[in-house]
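Here's the letter readout for the chains.
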Amino acid sequence: MAGTLEATEVVVPTSRQDAVAAFGDGGDVTVVAGGTIVVPEITHGRLRPRRAVLLGKAGLAHVTRERGRTTIGAMTAVSELEGLPEPLGATARNVADIEVRRQATLGGNLCAPPGVESPRGDLQAALIALGAQVRSAGPGGERTDPVEDLLVTGPEGRLVLEVEFADPQAGAQSSVRRPHAHAYTILNVCAARTGGEVRVGVSGAGPRAARCRAVEEAFAQAGDAEAAAARILDDVTPHDDALASAWYRSRTLPVLVGRALTDLS
Amino acid sequence: MRLTVNGVEHDVLSPPLATLLHVLREELAITSPKAGCLQGGCGACTVLVDGEPRRACLTPIAAIDGASVSTVEGLGAPDDLSVVQAAFHAHYAAQCGFCTSGFMMAAQALVDSDGQASREEVIAALSGHICRCTGYVKIIDAVTAAVNGDVRTAETDIDMGPRDEETITLVPGSPA
Amino acid sequence: MKAVGARLPRYDGLAHITGRTQYVDDVRIHGTLWTKALRSPHHHAAVRSIDTSRAEALPGVHAVVTAQDVPRNVYGHLEALGVPADEPLLAEGDVRWKGQVIAAVAAESEEIALAAVDAIDVEFEEREAVFDIRRAADPDAPTFHQWGPVYPHFGPHNHRRVRKGDVDRAFDEADVIVEGVYRPQAIEHVPMETQVALAVPEASGRLTIYSCTQAMYFSMGVVAAHLQWPLSKLKFVGGTVGGGFGGKVDTATETICALLAIKSRRPVKWRFTREEEFLVSSTRAPWHIELRDAVTTDGWILGRRTLTLHDAGAYARFSPYGVTKHAFHHTGAYTIPNVRFDGFVVFTNRVPTTAMRGFGVTSVSLAVELHLSRVADVLGMDPLELRLKNANRVGDTTGNRVVLHDPSTVAVTLAAAEAAGHEVGEEYRSMTSDRRTGDLLPEHLVEQQAPEGAHMATFDPTLTNGGGH
Numbered sequence: 000m001a002g003t004l005e006a007t008e009v010v011v012p013t014s015r016q017d018a019v020a021a022f023g024d025g026g027d028v029t030v031v032a033g034g035t036i037v038v039p040e041i042t043h044g045r046l047r048p049r050r051a052v053l054l055g056k057a058g059l060a061h062v063t064r065e066r067g068r069t070t071i072g073a074m075t076a077v078s079e080l081e082g083l084p085e086p087l088g089a090t091a092r093n094v095a096d097i098e099v100r101r102q103a104t105l106g107g108n109l110c111a112p113p114g115v116e117s118p119r120g121d122l123q124a125a126l127i128a129l130g131a132q133v134r135s136a137g138p139g140g141e142r143t144d145p146v147e148d149l150l151v152t153g154p155e156g157r158l159v160l161e162v163e164f165a166d167p168q169a170g171a172q173s174s175v176r177r178p179h180a181h182a183y184t185i186l187n188v189c190a191a192r193t194g195g196e197v198r199v200g201v202s203g204a205g206p207r208a209a210r211c212r213a214v215e216e217a218f219a220q221a222g223d224a225e226a227a228a229a230r231i232l233d234d235v236t237p238h239d240d241a242l243a244s245a246w247y248r249s250r251t252l253p254v255l256v257g258r259a260l261t262d263l264s
Numbered sequence: 000m001r002l003t004v005n006g007v008e009h010d011v012l013s014p015p016l017a018t019l020l021h022v023l024r025e026e027l028a029i030t031s032p033k034a035g036c037l038q039g040g041c042g043a044c045t046v047l048v049d050g051e052p053r054r055a056c057l058t059p060i061a062a063i064d065g066a067s068v069s070t071v072e073g074l075g076a077p078d079d080l081s082v083v084q085a086a087f088h089a090h091y092a093a094q095c096g097f098c099t100s101g102f103m104m105a106a107q108a109l110v111d112s113d114g115q116a117s118r119e120e121v122i123a124a125l126s127g128h129i130c131r132c133t134g135y136v137k138i139i140d141a142v143t144a145a146v147n148g149d150v151r152t153a154e155t156d157i158d159m160g161p162r163d164e165e166t167i168t169l170v171p172g173s174p175a
Numbered sequence: 000m001k002a003v004g005a006r007l008p009r010y011d012g013l014a015h016i017t018g019r020t021q022y023v024d025d026v027r028i029h030g031t032l033w034t035k036a037l038r039s040p041h042h043h044a045a046v047r048s049i050d051t052s053r054a055e056a057l058p059g060v061h062a063v064v065t066a067q068d069v070p071r072n073v074y075g076h077l078e079a080l081g082v083p084a085d086e087p088l089l090a091e092g093d094v095r096w097k098g099q100v101i102a103a104v105a106a107e108s109e110e111i112a113l114a115a116v117d118a119i120d121v122e123f124e125e126r127e128a129v130f131d132i133r134r135a136a137d138p139d140a141p142t143f144h145q146w147g148p149v150y151p152h153f154g155p156h157n158h159r160r161v162r163k164g165d166v167d168r169a170f171d172e173a174d175v176i177v178e179g180v181y182r183p184q185a186i187e188h189v190p191m192e193t194q195v196a197l198a199v200p201e202a203s204g205r206l207t208i209y210s211c212t213q214a215m216y217f218s219m220g221v222v223a224a225h226l227q228w229p230l231s232k233l234k235f236v237g238g239t240v241g242g243g244f245g246g247k248v249d250t251a252t253e254t255i256c257a258l259l260a261i262k263s264r265r266p267v268k269w270r271f272t273r274e275e276e277f278l279v280s281s282t283r284a285p286w287h288i289e290l291r292d293a294v295t296t297d298g299w300i301l302g303r304r305t306l307t308l309h310d311a312g313a314y315a316r317f318s319p320y321g322v323t324k325h326a327f328h329h330t331g332a333y334t335i336p337n338v339r340f341d342g343f344v345v346f347t348n349r350v351p352t353t354a355m356r357g358f359g360v361t362s363v364s365l366a367v368e369l370h371l372s373r374v375a376d377v378l379g380m381d382p383l384e385l386r387l388k389n390a391n392r393v394g395d396t397t398g399n400r401v402v403l404h405d406p407s408t409v410a411v412t413l414a415a416a417e418a419a420g421h422e423v424g425e426e427y428r429s430m431t432s433d434r435r436t437g438d439l440l441p442e443h444l445v446e447q448q449a450p451e452g453a454h455m456a457t458f459d460p461t462l463t464n465g466g467g468h
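Residue numbers (numbering that gives the first Met the number 0), protein chains in the order written: chain A, 0 to 264; chain B, 0 to 175; chain C, 0 to 468.
To be clear, the hints were calculated from the coordinates, so they are not data collected in a lab.
Wrong hints could be hidden among the right ones.
[As the list claims (entries may be wrong)] Label-pair ranges, simulated between beta-carbon atoms:
{"id": "1", "chain 1": "A", "residue 1": "Gln16", "chain 2": "C", "residue 2": "Pro8", "range": "50 to 60 angstroms"}
{"id": "2", "chain 1": "C", "residue 1": "Arg53", "chain 2": "A", "residue 2": "Arg64", "range": "53 to 63 angstroms"}
{"id": "3", "chain 1": "B", "residue 1": "Val136", "chain 2": "C", "residue 2": "Glu122", "range": "51 to 61 angstroms"}
{"id": "4", "chain 1": "A", "residue 1": "Ala6", "chain 2": "B", "residue 2": "Asp10", "range": "15 to 25 angstroms"}
{"id": "5", "chain 1": "C", "residue 1": "Ile186", "chain 2": "B", "residue 2": "Glu25", "range": "48 to 58 angstroms"}
{"id": "6", "chain 1": "A", "residue 1": "Gln16", "chain 2": "B", "residue 2": "Asn5", "range": "44 to 54 angstroms"}
{"id": "7", "chain 1": "B", "residue 1": "Asn5", "chain 2": "A", "residue 2": "Arg64", "range": "52 to 62 angstroms"}
{"id": "8", "chain 1": "B", "residue 1": "Gly50", "chain 2": "C", "residue 2": "Arg9", "range": "22 to 32 angstroms"}
{"id": "9", "chain 1": "A", "residue 1": "Pro138", "chain 2": "C", "residue 2": "Glu86", "range": "50 to 60 angstroms"}
{"id": "10", "chain 1": "B", "residue 1": "Asp10", "chain 2": "C", "residue 2": "Gly238", "range": "30 to 40 angstroms"}
These numbers were taken from a predicted model, which means no experiment stands behind them.
The beta carbon of each residue, even a glycine, is placed where N, CA and C say it ideally should be.
In isolation and in its complexed conformation, chain A is listed as follows (with noise of 0.2 angstroms):
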């Protein structure tokens, strides 16, 4: 029996070193972290790799707490995030249901394609805000990198092997309420202070979530939360999708970070 499946060289390392090896120059090489976006794009014969690297024994799942740091490796799932400093853990409650975000991960959730006809990714403005550092390996060896610089150059060149940030003084998350588990959040707004700054993510309006350095500025400057939150479409410009138009998107993001400013205070 012929078939694309049967032609898939499937790794699976057990170590970080091996899964580092494995993935190499990542070119041609699809990432398998929790499975709930890459495998049904198999299953419905999208997507038919080549050479696959399932990341689950890697020893990439953990949470490490000291010092006022904490580190999250790529395949902790999203459910062990729940607990988490704010806004990364009401962020990682609203994913999906329970199942599903004990099998999606944060690294797979950090790459998830750019959003199209679903925002996925709802972690990277709560890592945004968190001032969250990414270490991946990949071409040129292993480095690390802002969260929303690896965001625009594109984490899917990048093997994401943990993230760390320090623990926030304050973290506050505003979304538009999902109506129940199967709806995803079309907008996550995530703001943190981290030793006196604050900084603002949004994920839900454009491609990838992004840093809103304009919020922010206006934010420091007057500390009034309604007006720095009027100056977030000069930051982000919103899209039309199934879930939503741009027209909402840009009548809601404003009351959503002026929540998440006054929350933060």
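Assemble chains B and C onto chain A, guided by the hints.
Just chains B and C now, with coordinates in the frame of chain A:
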């Protein structure tokens, strides 16, 4: 690859990226987990992998090589129902039955993880499962009962068994 | 009648909870092939050519079918009821909705079937498409259906009509005219089990077809008609349907599986993906309903004019039947003596629509109830009191001249009022469904009231739709 399914060890012949759902249904003819959406969104394919509820349609078998899988077929038989099954039957928690397997395995995981659970906790645990027939209330009733050890059997009010003492006379030309 | 009100186990309950219920996809027949369909990517286009040679040459492909393979390609779902056929099983010459099946493949695996579908070459010439029923009903809108913009076979008319009394006079005599437009939208059934069928060729030359249909004999007839086979050559096996809600009456997969099974001489299964189920399986129809009520300031509804546009999608299927049911219920649970109803089945380049719980009726019920609340609002009257006043009573006749013997409007409305904690006036609280007399029988309701004991109202078959103006 090897999988132990409902206590029986199998050598799996499907390719390593084949999903657990595919292996169970197509290779092992274990058909209780259903293909509701093949995207992990409906819960009809949920089975237990090493005791944890997992969407079988999202799980490549290479990721669970050597694991122990439980499905409804391993829960109990019609004349020897498990607590969860008895609860579903007694509470009319199934109509078309297509979503039932997934709900029951999620419920079984709750029963196995000791302790009581409130109705709200039950709802949260089941929130990823879709049912289009029942409106969920009876399913939540059944699982809440099962988890909290309140199980009743499916007694019936009347005996609908064969009535062999009664004869029915057919008169030609008249309605029977 | 010992069973009514008693607790009984579901007869299929034990099978459901032990995982033993056999749905079509659970049937295991050795050698079963997988099916995938080539679907139109265009809403409306001419099909200039179809080349399946590359697909047929792929290893693992056992059969490819197009319109040429169907003994009788064009068949109508309601042909047995006298509705002419309009829909091809496989597209021939043109495609009229995005997702319409052009060809189908049976192969050793799903992957090979998908690859084969990709290998079928089709030349299209795109045409203008229309998606909205109001637009489609405009005289200058593009048409694509051989019958024109609307279904034309309601007897001598191109719409379903109900006429009773003198609606023009009612509108002249009214104190207020209340208008409203109601547009319930398409709804997808979302059964947990997607459309699926399995066709198994028997050594005798017969076909056994495992089907998820809700309408076994109906589907059998559809398959037999397309194949031009006697019914005795088919054996249909049903069983538990994994949710249908009206969406599994369309015989969506059986015939194509049968054709592929005949051509490949192998069992063939076709299971819709969830995406196919959402995108291309039939839905409840969108409707456009315009109501105009002629009312008096003291809350009598003297007359109603109704214009309904029903979105059939690209083909007629069951839509004429749905509009007919809709027409029966356009006065709701209320007695309106003068009515003029016109209902059109309009074609658009959308997924052909079908039945769904309360087919044809939920739309008009929604419109009627919303409209009555609007009328109450305009009149400054309590919405439930308005309903109680105009409620069907024994001896009243509907718009279709059905005499009512046991209407429940009054009882149900009063029960609902009580359950909702909504107080109605004293004279309303004591209302019953008894035959109208006195204040509840004003002049304008006399003619519509059937003689006591009458079972049928007068019916004059020489007049359009049995009577009226």
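These are the hints, each one checked on the structure:
1. Gln16 of chain A and Pro8 of chain C have their C-beta atoms about 59 angstroms apart, which keeps the hinted 50 to 60 angstroms range intact.
2. Hint check: Arg53 of chain C to Arg64 of chain A, Cβ distance near 58 angstroms, so the stated range 53 to 63 angstroms holds.
3. Distance hint check for Val136 of chain B and Glu122 of chain C: the Cβ-Cβ separation is about 54 angstroms, which falls inside the suggested range of 51 to 61 angstroms.
4. Against the hinted window of 15 to 25 angstroms, the Cβ-Cβ separation of Ala6 of chain A and Asp10 of chain B comes to about 21 angstroms, which satisfies the hint.
5. The hint said 48 to 58 angstroms for the Cβ distance between Ile186 of chain C and Glu25 of chain B, and at roughly 33 angstroms that hint is violated.
6. For Gln16 of chain A and Asn5 of chain B, the Cβ-Cβ distance of about 37 angstroms falls outside the hinted range of 44 to 54 angstroms, so the restraint is violated.
7. Checked against the hint of 52 to 62 angstroms, the pair Asn5 of chain B and Arg64 of chain A fails, with Cβ atoms roughly 39 angstroms apart.
8. Here the CB-CB span from Gly50 of chain B to Arg9 of chain C is close to 30 angstroms, well matched to the stated 22 to 32 angstroms.
9. Separated by about 55 angstroms at the C-beta atoms, Pro138 of chain A and Glu86 of chain C satisfy the suggested range of 50 to 60 angstroms.
10. Checked against the hint of 30 to 40 angstroms, the C-beta distance between Asp10 of chain B and Gly238 of chain C comes to roughly 32 angstroms, which is consistent with it.
Hint check: violations occur at hints 5, 6, 7; the rest are consistent with the structure.
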